[in-house]
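Enquirer: Sequence:
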Amino acid sequence: MAYYRSAGAVPPKRHTQHRDPDSGRLYYEELMGEEGFSSDSSLLYHRHLPSAMVDSRVWHLPEDKPEANHPLKPYHFRLHQLFPGESWRQADPVRDRRVVLGNADVRIAYVAAGVPSPLYRNGTGDECVHVESGAGVLESVFGSIEVGRGDYVVVPRATTHRWLPTGDAPLRLYTIEANSHITPAKRYLSRYGQLLEHAPFCERDLRGPVGPLLAEELPADTDVDVYVKHRVAGGVVGGSVLTVPTHPFDVVGWDGCLYPYAFNISDFEPITGRVHQPPPAHQVFEGTGFVICNFVPRKVDYHPLSIPVPYYHSNVDSDEVMFYVGGDYEARKGSGIAQGSVSLHPGGHTHGPQPGAYERSIGAEFFDELAVMVDTFRPLDLAEGARASDDGRYAWSWSGRGPQDPPDPQ
1 MAYYRSAGAV PPKRHTQHRD PDSGRLYYEE LMGEEGFSSD SSLLYHRHLP
51 SAMVDSRVWH LPEDKPEANH PLKPYHFRLH QLFPGESWRQ ADPVRDRRVV
101 LGNADVRIAY VAAGVPSPLY RNGTGDECVH VESGAGVLES VFGSIEVGRG
151 DYVVVPRATT HRWLPTGDAP LRLYTIEANS HITPAKRYLS RYGQLLEHAP
201 FCERDLRGPV GPLLAEELPA DTDVDVYVKH RVAGGVVGGS VLTVPTHPFD
251 VVGWDGCLYP YAFNISDFEP ITGRVHQPPP AHQVFEGTGF VICNFVPRKV
301 DYHPLSIPVP YYHSNVDSDE VMFYVGGDYE ARKGSGIAQG SVSLHPGGHT
351 HGPQPGAYER SIGAEFFDEL AVMVDTFRPL DLAEGARASD DGRYAWSWSG
401 RGPQDPPDPQ
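Numbering (the UniProt record's numbering), first residue to last: 1 to 410.
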């Protein structure tokens, strides 16, 4: 987002000589910018050539054949089942992601990790990673950000970084990989990019990188691998491993408006009203073809005749994906949904509260719920992680019976 920061040593004037004060050697300036020199950017100053590489080989991404949601139905996925027992201890936050849902605009994945990731960059789009639980550090060419429960971490496209879990509990990450950039909702921003007064968060809530990081100089014959997701023919996401002769964390300084940052969901100030507020009131970020919202603990509707849980609704233009992070999600009681669950309510299906929740919510004054929602404007396909974690019965939870059950004689 367009919010200027500067870190480390940068020259007084951009695109001018910047030298090591001890050796007099020139640093190498890199412009990292969006939309072909016409949008946000940062300038980074490297000790070594940032374009140098000595090898490139295929990174074999997990093979998956996404399946269309056909015949149409809603789903409930239990993401914690994807990493049972102690399996998280050998999983890393990048290569062991399990893709759950995806389309041409966005891929939603999940990982519970216990070991550091390799150096990584996503060349297809920005990533918004929500930390469900655990703790860790995001290290990047811009510096480091300590992350923990409730953090959103937005990583711009092509940022070289790695994730380092800390502590003795899994770092559980819900990853939203875009094929575009991810920004705060445009209606929250001035024409110059400042978060406005009506926005539910502001620049004070954002945590930028601390640093920059300077990796120790490696011996001359030591190479470093960087795992890269990138676009290939036909819009397919491919993987490559680029081998570089020097460590990418060699930046002595940088400045600009493009960098990773963190924002904790607890700093989102909910917008409430006398009657039920629709999901756009809970929006945080957006990308091409999707939006990201969150539902946080809040005072609920205070009209004397209000019904606090959501009304039944048909998402005629979007698929709705809800990740249940914590609290007590009132509208889903009785469905089997709990922390770590994801529900998919596809376009073309009318959905809403579970049976009884509508009536039970009358008189409620506060909801203690925490959830991250992604609404997409193209239909989502079911990926490997969805097939492995489907509860097999959520679609019938409103009626109480499935296709093999006889009708109730009453």
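None of these hints come from the bench; they were simulated from the model.
Among the hints, erroneous ones may be present.
[What the hints assert, rightly or not] Derived DSBU-like pairs (lysine-lysine); straight-line CA-CA distance at most 35 Å:
#1 Lys299 with Lys65
#2 Lys186 with Lys73
#3 Lys299 with Lys73
#4 Lys299 with Lys186
[Unchecked claim] Just the calculated beta-carbon pair ranges, DEER-fashion:
#5 His70 with Glu217: 26 to 34 Å
#6 Leu218 with Asp368: 45 to 53 Å
#7 Ser240 with Arg187: 52 to 60 Å
#8 Asp391 with Asp221: 47 to 55 Å
#9 Val232 with Glu269: 17 to 25 Å
#10 Arg231 with His70: 35 to 43 Å
#11 His60 with Leu218: 47 to 55 Å
#12 Pro118 with Val210: 19 to 27 Å
#13 Asp391 with Ser87: 18 to 26 Å
#14 His60 with Ser87: 17 to 25 Å
For every residue, glycine included, the Cβ atom is placed at its ideal position computed from N, Cα and C.
Enquirer: Against the structure, test the hints numbered earlier, and report the numbers of the ones violated in rising order.
Expert: 1, 5, 7, 9, 10, 11
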